[in-house]
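Student: Residue numbers (my numbering), protein chains in the order written: chain A, 1 to 593; chain B, 1 to 159.
No lab work stands behind these hints: they were computed from the structure.
Heads up, a few of these hints could be off.
Partial list, derived from the structure: chain B residues whose beta carbon lies under 7 Å from chain A [claimed, not checked]:
1. Leu29
2. Val92
3. Gly128
Cβ coordinates follow ideal geometry from the N, Cα and C atoms, glycine included.
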Amino acid sequence: MKYYRSHVLVSVDPECIKRGAHEILDALQDELVAQGLIDEVQVLETSRIGDTTDAPDMMVYPEAVHYVGLTADDIPFIVEEHFLKGRVATKFTAPVQVFTDEELSAPTGKELRVVLRNCGKIDPENIEDYIAEDGYMALAKVLTEMTPEQVIDTVLTAGLRGRGGAGFLTGQKWKFCRATQDWPKYTLCNADEGDPGAFMNRRVLEGDPHAVLEGMIIAAYAIGSSQGYIYCRAEYPVAVSTLNIAIQQAREFGFLGQNILGSNFSFDLEVRMGAGAFVCGEETALMASIEGKRGEPRPRPPFPAVKGLWNKPSNVNNVETFANVSQIILNGAAWFAAMGTADAHGTKTFALAGDGKHTGLIEVPLGITLREVIFDVGQGIKDDKPFRAVQIGGPAGGLLSSEHLDLPIDYNSLRAAGAMMGSGGLVVMDNENCMVDMARFFMEFTQDESCGKCTPCRVGTLRILEILQKICAGKGQPGDIETLEMLSDQIRATSLCGLGQGAPNPVITSLRYFREEYEAHIYEKCCPAKVCKALIRYDILKDFCTGCTVCARNCPTNAITGVRRQTHIIDPDICIRCGICMQVCNFNAIEIN
Amino acid sequence: MTVGTKDGQSVLQAVSAAVERYGNHREELIPILNDVNRTLGYLPAEALDDISQRLRVPKSQLFSVASFYQMLSTKPQGTHVVKFCESAPCHVIGGRQVWQALQKELKLKPGETSPDGNWTLVTVSCLGVCAVGPVIVIDDDIYGNVEPNQIADILARYA
């Protein structure tokens with residue numbers, strides 16, 4: 001490995017490229033070679049560093065100097081000043097204004113980054129960066145010191161549970177697959193992350209792909225598999241290309257392919273892309289999709305561990321599950337089991353979305369309470385508005401209220417409350433969100449993504465959706481709530497796969513914890529959160545309106561009438577509740593009732 | 001809508017290229033369909049016919065797969081396809097207003113293509129970039145943190 005004394009990161013953000021970033025890179029290359037510095041100064045490409053006005057720009061480390069507004073002609077001077085004479089070329093510097101990463105910021109106090117440990121810190125397209133962080137050490141240990149049975153025992157003792165949502169003991173899954181006497185066996189990675197609000201898998205695939213590869217190779221060794229696939233959704237093109245680069249490099253280094261690290265274990269894998277179907281995240285649908293068919297689930301048993309891809313034994317695990325494996329091997333099962341609670345060991349990534357002050361990816365030990373996640377790590381609600389609800393677990397999850405804030409986040413507690421861990425999407429909501437609207441939203445998603453194979457899901461979710469739409473449109477009737485409950489129970493009990501079985505959960509939980517909102521919509525024709533358009537009115541307040549006519553001029557349906565300098569009026573029959581008038585009014589004279 | 005139908009030659013070329021790249025096996029069907037859809041903008045009937053012959057897979061099964069996946073289209077699309085994320089996380093941070101403005105600006109409802117064939121508007125499920133929602137995707141470009149007043153400018157980049 002080469003050791004450089006300086007690193008230059010040149011931004012190749014599209015705006016920078018337009019303004020000459022490639023010419024800068026070429027000039028740097030030429031000048032460093034000419035000055036004999038090419039083995040001492042490393043040039044790297046990176047994403048946005050500063051504002052567009054700084055482009056093209058670059059950062060020099062270890063001094064962390066930000067050079068901006070560069071042209072190719074400036075480079076010889078900067079190279080001479082900075083790298084030969086050791087002086088910062090102040091003519092070109094600007095304050096270090098690093099472009100914030102909206103998805104992943106530095107960890108806060110209660111976080112513990114295991115899965116996300118390398119994201120943002122290493123170059124995902126350079127395997128040597130990963131190796132420098134003890135990458136592939138676990139694989140080496142496994143292949144030289146452990147039998148497959150020992151690997152399975154370690155993972156079982158660690159208590160790693162599937163991070164895709166179901167929470168099945170990973171070690172147990174591997175054990176079943178190993179026990180099946182049929183070959184070839186397939187190791188599959190579920191990278192079809194489709195839960196609305198979940199993007200942690202995407203980040204790990206883009207930022208630390210080798211962590212996933214290493215986990216898969218170790219799993220393949222444990223179960224006796226020789227071929228693997230990573231099923232990645234097509235909506236993640238960057239993840240797909242990063243994975244392909246990583247796979248290529250892993251092969252070059254002998255971590256994939258024949259006789260890995262000189263052992264007699266051989267394993268290789270490739271990426272398979274989806275084509276836009278949420279249901280393909282269900283393991284049997286995922287396998288059908290790899291086989292080139294419609295992504296329709298099938299009944300289990302037989303389980304994939306016995307008959308999976310092309311009817312051969314297969315092991316399917318989530319991206320995050322695999323990303324934990326190398327750390328468990330390196331640090332030991334006891335280390336992993338010490339984090340979390342008695343039945344939920346380790347850490348979990350979450351994607352905070354919605355009305356919280358801090359949104360983006362976090363990673364916390366399991367067992368932490370919702371209150372700590374939302375108010376400590378999440379820093380509370382934006383504008384300090386009152387907390388109303390949190391949606392956890394994606395479309396099969398649930399809507400929980402403030403009475404659940406002290407609930408520990410683990411598999412059993414969440415299930416008892418009617419929700420589930422899911423892949424880790426957490427949508428935090430303030431009091432300006434309508435729970436009936438949210439339930440309707442998730443049901444719309446599920447209805448859209450239902451594969452259509454079984455009647456309870458195909459027809460049942462549609463019927464629930466119709467009733468919810470009716471309620472939000474102000475046409476709810478007595479008996480609707482009871483119908484929703486009956487339908488929910490039936491769909492949950494009779495659907496073929498997890499998508500259908502979990503589909504009614506947002507409805508069931510919102511009815512359980514926010515029943516009064518449903519009743520307000522149905523019996524009082526009122527939306528307490530002032531969201532459902534049919535149940536709200538926009539009114540102009542006489543005491544504040546100055547008759548400036550701004551609202552009337554901006555109304556897309558001409559629903560506002562009035563004379564200059566006199567109070568205006570909104571006609572509720574024409575008004576479409578778009579909210580533009582409220583946005584443009586300078587006197588806060590418009591309110592929603 | 002006959003906008004965007006391709007001549008027979010380019011259809012066959014697209015299919016050939018895809019089949020050569022992946023092989024004429026049933027399990028390569030989805031990668032092949034993805035490639036052809038990308039090249040031609042959609043999957044014309046002639047393409048499905050050709051693929052059916054080369055892979056020796058009945059057309060009914062082909063159509064069953066092509067019509068199942070959201071990213072494959074058996075209907076011609078406009079020159080530029082605008083995708084809007086309609087899932088809950090984008091919705092709660094201002095997605096609703098952006099959606100209304102988008103429909104108004106394009107004068108299209110979801111699933112429609114404009115009469116001049118330049119634009120198709122579709123809704124998609126969560127794209128996994130929720131931290132920068134609301135999100136619009138036009139062709140291969142993703143736009144995050146979109147506000148209603150930015151839409152006209154964003155669309156103008158594709159004129």
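Student: Under 7 Å is the threshold here; is the Cβ of Leu29(B) close enough to any Cβ of chain A for the hint to stand?
Tutor: 4 Å, holds
Student: Using 7 Å as the Cβ threshold, decide whether Val92(B) counts as touching chain A.
Tutor: At about 5 Å, which falls below the 7 Å cut-off, the nearest Cβ of chain A leaves the hint on Val92(B) intact, so it holds.
Student: Is the interface hint for Gly128(B) satisfied, with its Cβ closer than 7 Å to some Cβ of chain A?
Tutor: Hint on Gly128(B): holds, closest Cβ of chain A at ~4 Å, below 7 Å.
Hint compliance for this structure: no hint is broken.
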